[in-house]
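Colleague: In terms of the working numbering, the sequence shown opens at residue 91 and continues consecutively.
Just so you know, not all the hints are guaranteed correct.
[Claimed, not checked] List of simulated lysine-lysine pairs, DSS-like, C-alpha gap at most 25 Å:
1) Lys123 / Lys151
2) Lys151 / Lys113
3) Lys151 / Lys137
4) Lys123 / Lys137
5) Lys137 / Lys116
[To be verified] Simulated restraints, written as ranges between beta carbons of each label pair:
6) Glu128 / Leu104: 19 to 25 Å
7) Arg154 / Leu92: 34 to 40 Å
8) Ser158 / Leu131: 37 to 43 Å
9) Ser153 / Pro127: 29 to 35 Å
These aren't lab readings, by the way, just hints derived from the structure by calculation.
Glycine residues also receive a C-beta, built at the ideal position from the N, C-alpha and C atoms.
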Amino acid sequence: MLTEQQVAHSWNSLFSKGPVDEKKLKRAESLLKHLRPESPLHYRLSKELEEIRARYQEQNKQSRAATSS
91 MLTEQQVAHS WNSLFSKGPV DEKKLKRAES LLKHLRPESP LHYRLSKELE EIRARYQEQN
151 KQSRAATSS
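Take the sequences, apply the hints, and build the full model.
Modeller: Shown next as structure tokens:
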């Protein structure tokens, strides 16, 4: 089990490098599993992941629409 500090560090490293892809989203979900559900950090990162995933899906939608036009 990772500490909250380790999860936060890994999370920041994960999203500070390169574009978001499915592999990063899965890694982020894996990191969340190391936190207790009642942890404030778990809540914050869960909400952040929801926002990141929504942006990622929107970008993919736009990319697909642009390539199909």
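Colleague: Are the hints correct? Go through all of them and say.
Modeller: Hint check results:
no., hint, verdict
1, Lys123 / Lys151, "violated (28 Å)"
2, Lys151 / Lys113, "holds (18 Å)"
3, Lys151 / Lys137, "holds (21 Å)"
4, Lys123 / Lys137, "holds (14 Å)"
5, Lys137 / Lys116, "holds (15 Å)"
6, Glu128 / Leu104: 19 to 25 Å, "holds (23 Å)"
7, Arg154 / Leu92: 34 to 40 Å, "holds (35 Å)"
8, Ser158 / Leu131: 37 to 43 Å, "holds (40 Å)"
9, Ser153 / Pro127: 29 to 35 Å, "holds (34 Å)"
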